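**Student:** Chain residues, written in single-letter form:
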Amino acid sequence: MKTKDCLQLFASFFKIGLFTFGGGYAMLPMIQREITEKYGWATEEEVLDYYAIGQTTPGIIAINTATFIGYKKAGIAGALSATLGMVGPSLIIITALSSLIIAYRDNEYVTKALRGIQGAVVALVAVSIVKMGKKAFSSVLTYILGIIGFALLFVFKFPTYIIVLGTIILSLLFIFVAKRRRR
Amino acid sequence: MIFFQLFINFFFIGLISIGGGLSTIPLMTEILTSKGWMIQTEIMDMIAVSEMTPGPIGINMATYAGNKTAGILGGISATMGLVAPSIVIIVIVAHFYTKYRKNDYVNGTMKVIRPVVTGMIAAVCTELAVLSLLNVELFRETGSILKLFSPIPILIGVLVFIASYKFKVHPIILIVSSAVIGIILL
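The listed protein sequences correspond, in order, to chains A and P.
Under our numbering, the first residue of the first sequence is numbered 1, with each subsequent residue one higher.
Under our numbering, the first residue of the second sequence is numbered 1, with each subsequent residue one higher.
Only chain A is shown next, with the shape it has when bound in the complex (with noise of 0.2 Å):
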């Protein structure tokens, strides 16, 4: 039965893969519909769990989600088989498509259609910026820290792990510290 739950979920999860774009939030209805409706393999509020905690341990958050679902159903295997279902579309799609773009980047009018595409780039990472902001800034604090991030990336150019690292272990010794007051 283990094969065939693995085969299984390989192929829920290239499906999800395959029909959303974006990951995150777009994709939980579509993991709802397989997962929950068709076959039972976890209610949805245990997506709902899963996705929760997908969002606060390291990667990204449509893999984390899909091993957790995976892990609970077949263990490791089932893990691995989510995930592989899960990248399967992109490795074959992203492929091709990044082929044909290094192949003909040259090209006059694939360089035309790429400079015409840069400010669609910078549009849409501010819309997903814009959206992010409005679940992370909720307080003076919050933006605070946000123009904290921007300036130490932007205007000091630290590394990028400097900046996570020290971000994470100021905030647990900060909780600490809280939490030995209260007491």
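Hints in this document: simulated from the structure, not taken from any laboratory.
Note that this is a predicted model, so its numbers are computed, not measured.
You may find that some hints are simply not true.
What the hints assert, rightly or not - Residues from chain P that face chain A, not an exhaustive set, calculated with beta carbons under 10 Å:
1) MET1
2) ILE2
3) GLN5
4) ALA48
5) ILE113
6) PRO115
7) VAL136
Claimed, not checked - In silico BS3-like pairs for lysine-lysine, Cα to Cα no more than 30 Å straight-line:
8) A:LYS135 <-> A:LYS15
9) P:LYS111 <-> A:LYS134
10) A:LYS135 <-> P:LYS102
11) P:LYS166 <-> A:LYS131
12) A:LYS15 <-> P:LYS166
13) A:LYS38 <-> A:LYS72
14) P:LYS35 <-> A:LYS112
15) P:LYS111 <-> A:LYS157
16) A:LYS131 <-> P:LYS168
17) A:LYS135 <-> P:LYS111
18) A:LYS134 <-> P:LYS99
19) A:LYS131 <-> P:LYS102
20) A:LYS4 <-> A:LYS38
21) P:LYS147 <-> A:LYS157
22) P:LYS99 <-> A:LYS179
23) P:LYS102 <-> A:LYS134
24) A:LYS134 <-> P:LYS166
25) A:LYS38 <-> P:LYS147
26) A:LYS112 <-> P:LYS102
27) A:LYS38 <-> P:LYS168
28) P:LYS35 <-> A:LYS157
29) P:LYS99 <-> A:LYS131
30) A:LYS72 <-> P:LYS102
31) P:LYS35 <-> A:LYS15
32) A:LYS134 <-> A:LYS157
33) A:LYS131 <-> P:LYS111
34) A:LYS112 <-> P:LYS147
35) A:LYS179 <-> P:LYS111
36) P:LYS168 <-> P:LYS111
37) A:LYS134 <-> P:LYS168
Stated by the list, open to error - Covered stretches of chain A, as calculated for chain P (at least 3 residues, CB under 8 Å):
38) 68–79
39) 88–98
40) 148–159
Even for Gly, the Cβ is constructed at its ideal location relative to N, Cα and C.
Chain P: place on chain A using the hints.
**Tutor:** Below, chain P alone, put in the same frame as chain A:
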């Protein structure tokens, strides 16, 4: 060996990027440019292709970057590297996930890391904007402030922002239309 290098570097990206969506962009940009694997305009191609194709953006970007650097196997190596930490961490967290979910340290740290990462992505976005919407070289040569702005990319950017944010137009439509506008007007 290049495949091993790709795997290790993307493993590191997967390990450090928290918050999903575009949170891989700052570190990925840093690594790709410092290793000489891609330049900034190529990174914009990568983001465009990743936004307009199905699948998680982070995975699409890893496949693109790996493929650009070392062909099909490079794409696979980078992608496997990116997902490997997730698999290990999730398998561990799955064993005590109710405790993890309610942990004060996890939830508190998330509240702090989210705004910082958002600020970092904004920093990369600003760099890309300077590169694509402004023409610093021409400005230095001519000294004319009007020459600093590239009108067509700026126009495309403003239109795409409104279309995406206000009207939720699909990225495929936006990117393809921008490509057409680019071919006609640039």
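**Student:** Hints first: check each against the structure and report whether it holds.
**Tutor:** Structure-based check of each hint:
1. MET1: violated (20 Å)
2. ILE2: violated (16 Å)
3. GLN5: violated (17 Å)
4. ALA48: holds (5 Å)
5. ILE113: holds (5 Å)
6. PRO115: Status holds, d = 4 Å.
7. VAL136: Given a least distance of 15 Å, the restraint on P:VAL136 is violated.
8. A:LYS135 <-> A:LYS15: Holds, at about 29 Å.
9. P:LYS111 <-> A:LYS134: holds (12 Å)
10. A:LYS135 <-> P:LYS102: holds (19 Å)
11. P:LYS166 <-> A:LYS131: With a Cα-Cα distance of about 12 Å, the restraint between P:LYS166 and A:LYS131 holds, given a limit of 30 Å.
12. A:LYS15 <-> P:LYS166: This hinted pair holds, its Cα atoms lying about 29 Å apart.
13. A:LYS38 <-> A:LYS72: Distance of about 17 Å is within 30 Å: holds.
14. P:LYS35 <-> A:LYS112: holds (27 Å)
15. P:LYS111 <-> A:LYS157: OK: P:LYS111 and A:LYS157 at ~23 Å, within 30 Å.
16. A:LYS131 <-> P:LYS168: holds (12 Å)
17. A:LYS135 <-> P:LYS111: holds (9 Å)
18. A:LYS134 <-> P:LYS99: holds (27 Å)
19. A:LYS131 <-> P:LYS102: Holds: A:LYS131 and P:LYS102 sit about 25 Å apart, inside 30 Å.
20. A:LYS4 <-> A:LYS38: holds (15 Å)
21. P:LYS147 <-> A:LYS157: Between P:LYS147 and A:LYS157 the Cα gap is close to 28 Å, so the pair holds against 30 Å.
22. P:LYS99 <-> A:LYS179: holds (17 Å)
23. P:LYS102 <-> A:LYS134: holds (23 Å)
24. A:LYS134 <-> P:LYS166: Measuring from Cα to Cα gives roughly 15 Å; hence the hint holds.
25. A:LYS38 <-> P:LYS147: violated (58 Å)
26. A:LYS112 <-> P:LYS102: violated (51 Å)
27. A:LYS38 <-> P:LYS168: holds (29 Å)
28. P:LYS35 <-> A:LYS157: Since the Cα atoms of P:LYS35 and A:LYS157 sit roughly 16 Å apart, the hinted pair holds (cutoff 30 Å).
29. P:LYS99 <-> A:LYS131: With a Cα-Cα distance of about 29 Å, the restraint between P:LYS99 and A:LYS131 holds, given a limit of 30 Å.
30. A:LYS72 <-> P:LYS102: Roughly 19 Å between the alpha carbons, so the hint for A:LYS72 and P:LYS102 holds.
31. P:LYS35 <-> A:LYS15: violated (34 Å)
32. A:LYS134 <-> A:LYS157: holds (26 Å)
33. A:LYS131 <-> P:LYS111: Since the Cα atoms of A:LYS131 and P:LYS111 sit roughly 16 Å apart, the hinted pair holds (cutoff 30 Å).
34. A:LYS112 <-> P:LYS147: Given pair A:LYS112, P:LYS147 holds - Cα atoms ~19 Å apart, limit 30 Å.
35. A:LYS179 <-> P:LYS111: holds (16 Å)
36. P:LYS168 <-> P:LYS111: holds (27 Å)
37. A:LYS134 <-> P:LYS168: Roughly 16 Å between the alpha carbons, so the hint for A:LYS134 and P:LYS168 holds.
38. 68–79: holds (count 5)
39. 88–98: n = 8 at 8 Å, threshold three: holds.
40. 148–159: Satisfied; 8 residues make the cut.
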